[in-house]
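Same order as they appear, the protein sequences are chains A and B.
In terms of the numbering used here, the first sequence opens at residue 1 and continues consecutively.
In terms of the numbering used here, the second sequence opens at residue 1001 and continues consecutively.
If you are wondering where the hints come from, they were derived from the structure by calculation, not from laboratory data.
Remember, predicted model here, so these are calculated numbers, not experimental data.
Careful: at least some of the hints might be erroneous.
Said to hold, decoys possible - Here are the simulated BS3-like pairs of lysine-lysine, each with C-alpha atoms no more than 30 angstroms apart in a straight line: (1) Lys62/A - Lys1202/B; (2) Lys158/A - Lys1202/B; (3) Lys62/A - Lys1055/B; (4) Lys62/A - Lys1068/B; (5) Lys1202/B - Lys1068/B.
Unchecked claim - Among the chain B residues that face chain A by a calculated CB cut under 7 angstroms, a handful are: (6) Ser1193; (7) Thr1195; (8) Asn1197; (9) Ser1325.
Note that CB positions come from ideal geometry on N, CA and C, so glycine has one too.
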Amino acid sequence: MFKKLLSMIVVATMVLSLAACGTKKEATTETTATETTATDAVATEAPAAEQTTKGIPMEDFKVGVIHIGDPADGAGYTFAHDQGIVAMQAALGLSDDQVIRKNNVNDTDAVAIRTAIEECIEEGADIIFGTSWGYMDTMEQLAAEYPDVVFSHASGYKSNGTNFNNYFGRIYQARYLAGIAAGMKTQSDMIGFVAAMGIDNSEVTGGINAFAMGVESVNPDAKVYVKVTNTWFDPTLEGQAAEALLDLGCDVIAQHADTTAPQMAAQNRGVWGCGYNSDMTKDAPSAHLTAPIWNWGVYYTMAAKAVLEGTWTGENYYGGMAEGLVDISPLSANCAEGTQEAIDAAKQKIIGGFKIFEGDLYDNQGNQVCKAGEFISDADITGAMNWYYKTVEVK
Amino acid sequence: MSNSEDKIKREPLLRVAKKAEISVSKTMGLTLLALALAIVAGGIFLLVIGQNPFKVYGTIVHGAWRSKLAIQGTIKIAIPLLIASLGITLAFQMKFWNIGAEGQIIMGGIFASYFALFFDQLPHTILLLIMFLAGMVGGGLWGLIPAYFKTKFGTNETLFTLMLNYIALYTIKFLTEGPWHDPESSGFPKIASFTPNARLDKIFGVHAGWLIGLILVLVVYIYIRFTKHGYEISVVGESVNTARYAGMNVKKIMMRTMFLSGAICGIAGMTQVSGAAYTLGEGVAGGVGFTAITVAWLSKLNPVVILIVTVLFSMLEKGCSVMQSAFGLSAATSGILQGIILFFVLAFDFFTRYRFILRKGRKA
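Given the sequences, and given the hints that come with them, work out the whole structure.
Structure below.
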């Protein structure tokens, strides 16, 4: 009896202490909530311009990142983004606990996305970067619920002009350069391309087109064969798609896919490839030529700094080679002779204003998609590039 | 003589036997001991990977309760788990091994989403009521199918309900890429987000699912303990033949109970799509249907205990998530830690119900 009583008392005290703890926390958050509404009221009386210039004290500043994979992968999409976060952290001099990472957040699971982002808000994040396309709708909803937090989303098309923007870059410029390396290397004049998404996806399709144009610029006889996996991240499927292209006779495998699997497949056959997102030469040393890469740090530093200093405007960002956001990794020894010179020349042309998608262009159905003397608009590049260039064939 | 030798040979070295019921205080004591051992074992694991166990455990507990947002986060994790565990409890009372809560949650979600996507011009209250009923029907049908086949053809319900999970999951995949594909998504496979009209209202900052869950705790408790149906369920669970002898329509009871079991899981699906995700995606159930089996079993199918165990589970999950980003640990690390804790608690649960008997040595 005494034992029973004792255990009940223990349980009761535990429950009570938890409850007490909870109410105390709630009380404090409530007071801060009233404070912020008070300051908000003051701020709304003041001109709107002043609101955007208030900034955040350095020691209170926090950055949240939602990753679809794990930076520990050491290569690929998430790794590239995280290198950008690391660069931003170094540039702004933030301590480790000022950066909140949420890894392996499945971008088809809206509940998981919301939970991850709300945890960043809970920790006090002032700006949250969402690196995967599927985070877009949830970020849009949360931006409306938390107007004091900045939400910045990669590769999407939604934004609200204030605390929810999207950022992306002209990676097609880098793909054009990778195409030059591939076009000069191929001997069978058949180049394979493992694509994450099909023709409806402007980002992937535009990248393939730019790559094919790069190939054509140095090797008019070569064709680009595309295999679609319908997933952004699947080492098995990506490897299988590469195998299928190699079976066709392709001797260079390029990719818009997150993992190193296509490059490994190329290496196993003793042929070559162009990776993506990060320098994959270390993963497939005897196969890899060069990879289109992102220097996300350029944007992350700029955006975080703007929020920190109160100069955030909410504008969308679409950077390119001129800004240093996209580039290709250093050419490996596997590249054909003269590749460096050809690529350097093309790079200067691009920085100097060559738009790639300009002039007399035809798709693979024989339709003219751009007239001589004209160029394709950014809106069409990001949202309506739903045709394949004339040297492309889908397998 | 040779006969008894045979007997000894046939007897396995270790044998599992059911224990006599032990007192509540003893069970509680054993569970607390299990928790303590789990924490020690998890602590050793943390030490091995170079973390301070006290700090990590502190972060887990603190992380689940540290602020209003954190508490809301913990409750949001608890809602589907609570509702699904209650649903499973009905089937398990009857010793009908419903492993299909995952699929029933998904089906509830799909049925509710149909109205959210295509009838969102209806008045808010009516729309949500319809979605609620649709969720129940969807989950209920998914529970009824295996019950029908079991009563009709004697199929194995464990396998049957398990297989239905995958059919449900691939149905979402099909809808995402096919008929319900969001035309505005420029080639990405996804279903459109619900309009605000089709979203579940919030009460005290968390979607109303928590209230539905609490009401269901009461309803299921009363249903099992104090109604004729509840009595029938437990008789069928104890012995089908006894039930038959007493003149009960076993087939009817089985189908009715499985429909209700599935329907409650379907409610979990409805609250997830309309309250948490605002859309239908492959992650709608996210393994909750399987965790719910553990919760229901650990709670000995008592709805009130389920509520407590669910809160503890949600704390662990929420706290581990906070711990991950606080210490820069991988998801696998927190998975291992959760696994260690669960392993100990479940093992001790086994020992409170069963005991091992060693084969006795041969006597000369």
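Worksheet item: Which hints, by number, does the structure contradict?
Response: 7, 8
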